[in-house]
Amino acid sequence: MSAPEKTALAVSSSPHAHSGASVRGIMMDVLVAMIPAGIAAFMFFGWNAIRLILVCSATSVLAEWATRRIMKREAAIDDLSAVVTGVLLAFNLPPSLPSWMAAVGAFAAVVIAKQVYGGLGYNVFNPALVGRTVLLISFPVAMTTWTMPSLYCAGMDAVTTATPLGAWKTAWSAGAAPEGFFAAFPLSGLVTGNRPGCLGETSAIALGLGAIYLLLRRCIYWHAPAGFFGAVAVISASLYALDPARNLPPAYHLLSGGLFLGAFFMATDMVTTPVTRSGQLIFGLGCGLLTMVIRRWGGYPEGVSFSILIMNSLTPLINRATRPRVFGTRSKLA
Amino acid sequence: MDPVIQHTILIGMAGLVCGALLALVSHYFAVHEDPTVEALTAALPGINCGGCGYAGCAAYAKAVATENIGLDLCKPGGAETVAKMAAITGRTASAREREVAVVLCNGSRERARQAALYNGVADCAAADLVAGGGKSCRFGCLGFGSCARVCPTGAIEIADSLAVVHPELCIGCGKCTGACPRKLIKLVPESRSIHVLCINRDRGPDVKKVCDVGCIGCTLCSKACNNEGIKMDGFLAVVDYTVPLNSPEIATKCPTKAIAVRPGVKKEAAA
Amino acid sequence: MTAIRAPFRIRGGVHPHDSKSATSALPVETAAVPPRLLVSASQHLGAPSKPVVKKGDAVLRGQVIAEASGYVSSAVHAPTSGTVKSVTSMLTATARHAFVVEIEPDGQDKWVEPLHPMADWTSAAPRDLVNRIAAAGIVGMGGAGFPTQVKLSPPPGKSIDTVIINGAECEPFLTADHRLMLEQSDAVWLGARIIRHILGASRLFVGIEDNKPDAIAAMEKAMAGADGETGVIILKSRYPQGAEKQLIRSVTGREVPSGGLPMDVGAVVENVATAAAVAAAVTRGVPLTERVITITGECVKNPRNLLARVGTPISWLIEQCGGLTGSVGKVISGGPMMGVALPDLDVGANKTTSGVLAISRESARQFGSEPCIACGRCVIACPSGLLPCTLSEHIEAEQFDDAERISVLDCIECGACAFECPARRPLVQHMRQGKQTVLTRRRAREAAARGKEERK
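Protein chains in written order, with my numbering: chain A, 1 to 334; chain B, 1 to 271; chain C, 1 to 456.
Isolated chain A (complex conformation) (with noise of 0.2 Å):
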């Protein structure tokens, strides 16, 4: 008598029919919407790109199931989180970063950033940017060593460059403005990703495609990347209006850099993100302010992932500001 008759019914609270939604799915969502820009940072890296995103992707499942193992958690390698956080790592590591650092990268974004705080769902910080901010700290000098891109030729022997955004930070501080810069960085190559840059945040083009997916898709909504682009595209263009030799055009901070691969996949993230909308367009305010901040007066060229790092600490007081105005009250603070 101790197993229930074969007949016995299921009880549960209400409800009883759910969307069919699963962290599983969504997660599948995020990796689908992720292909376009991995082909094109195959198209323009070569094997590299494979190469990174396969290192990447294989030690984070790796060290997501023995950490679990570890600390007797019940095993969630088959949310495919961890594969989501390895792949989007990769997308942000220079083409030609070895692939031991690579994993140490990986390494540290799984087990820092989310398993020692509780695993996914728990963890504070984006974990693919603690990953890079990791690297960036450990191995400056790789993970700013940057490969031109070559259509359709794997290149070993590949001619070391500058990223738009780091080229106009580096000759400023030297005084004057890049030499036959629009000429070096036309747009056009901004925009399919054919510039240098980390793998899988230079072609506008194919972030756009994943991203509209995932917006149709309801992983995303728009509230947060129009935020985040919103206020690059205000603050440069004052910038820019005020004095145009000394400032880059919109269109360049909007196109360069990780902006399109932060605002679509990282200022989007479920779980470091705020869970109201208009909070998510307050973090994406937020993001957009201070990665101008750190791009013109900071000292990196770049600033999304650390403008993102840095507004996932206020994730919490974003939420508590937001709350929804409860039905039947007047204040949201009844």
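FYI, nobody ran anything at the bench for these hints, they're computed from the structure.
Errors might be hidden in some of the hints.
What the hints assert, rightly or not - Pairs of lysine to aspartate or glutamate residues, derived as EDC-like cross-links and limited to a Cα-Cα distance of at most 16 Å, are as follows:
hint	chain 1	residue 1	chain 2	residue 2
1	B	K62	B	D34
2	B	K175	C	E398
3	B	K209	C	D344
4	B	K209	C	E183
5	C	K85	C	D57
6	B	K223	B	E249
7	B	K84	B	E99
8	B	K223	B	D233
9	C	K158	C	E298
The hints should help you fit chains B and C onto chain A, whose structure is shown.
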């Protein structure tokens, strides 16, 4: 001057100034605590279980010192604490008998029937809201361990979906009695060893349908002790803990083995 | 007077598959009287009724077998004539125990005499009509089961200007109200007018979701030429459109204040089945002893809409529909969003049982214990403007004071949040546990405060 000496003097002076400041601050801003309260707090066990009804040992000590509160409220402390507190306050008091908790249900997974497969929050209060967690008996232990989670000493074990108190670990704080949504846990004098482990008030046939070890209201036990020690309350036999009941044989009278003889911490004979 | 679109929208909500096609075209059939009736004495919100019959008593249909035991309580009547077999505590269709009167029908189905029809209700005093409704044991038949006479007796100082008859039926699968509006639109409309008369309200609306155009047409036809400010309000099909406070908001734009009642904003909402029952009680003198129940779901062989006696065992109702088929996972009393999963089918249908739903093991949802991933879908779905994700985390951590601070008591348990949750967290169960604990603590606090007052 040698820089070493110079620095030694400098740092020494800085230390002196800071020390003097600290001394002044501690003198002028000192919180004056009643020495009686301090002594009473020290006399209490300091586990802050809240069983006395106050928000911790210090709060109870303060209440004893300032109001005319009984000295016998500390259950974990027992006679020793009462004696210490009596010495401090100069009052006289005798300790109550120490109490331990007992879960009045014996319907583990093997013995009690499960009507349905429960899927939901693993918490007794939450499960009680959903068809009683699927358990057929609406009085019985749900086995999700809400009592065990509030127990400050880890005295409650969940075995086979049934909560069992280990009396030697129980300090009698009574937190578990409030945590059980079915009010199954009772504090009883620790010397008592005979318990009716069931609170099902339904008629015998209905009880039998849901559990092998429930009280079916047959009255054999209450008759065996001449209605003293165990009394009938409707269809349920209830132990009267105010009346001594010293015959373990009475448990053998129960046809469903709803009466258990659980050794108290102190042996019955010694009591 | 034509049907108009609802002028306001609800906040949040979800759009589950409506699954009504299995029974929406099937006319209501009258079910036979079963060999055994299990009539619960607690079919309403409030104090359980007190059984007034005992084992062996002979009862007639419409005879009171349990009387109201307080102001918010309701009478229960014998659904047919027969013999009382037992009066014991048993499981009921709410998955809780209550006193149940078990009746063995004698097959005569003889009414208690005499019934008191009322020829002209328009000149009757509201008080008399309310007494009739109370005597007929009418409760809100949409699900909550609030005693109707209480709703129709606003305390002095509260004036009601709007009556809304709820035909939204936003729960998936259920078609009982839909069929009732099609087949008994005149009775519904009559009941609606009686309610308006009792409350002295100036406005009377019938709210119907736009996925039931035939019901909208039928009600419009019945209401043709009506006096006063009346109309069918076409609601957007969105769950929980039919929740009381949400319906008032859609129709009038008014928001029932947090912790308040519809009468605080001058509105009263009654379900269409309740309206029909009011009409029967007033004009024919008939107490509430039967209702339309939709028996459906993928595991029911032949889904039907049945007019069944109160107390008809759920198992018997399912047999009338050809029995169960396939691997049955769950049987639900009510709809899939707010219904109650039954551990046992030998329970009698209540006055509030609008549907019986049998779903397979595969489609019976499984709750998990995964952590929240903060996707915010529940926040978007919540019609009350709460943060279900944060609330459930507070309650899981037993931080009940925090849960109270962020308005757990404003949850209407509609289930929109848990419907959307990708981590499949049992959000509604958390809310129920939280609400219960918060209320218990609040009562304890108040009792303690009172005790302190007295000691002073």
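Hints numbered earlier in the text: which of these fail when held up against the supplied structure? 4, 7, 9
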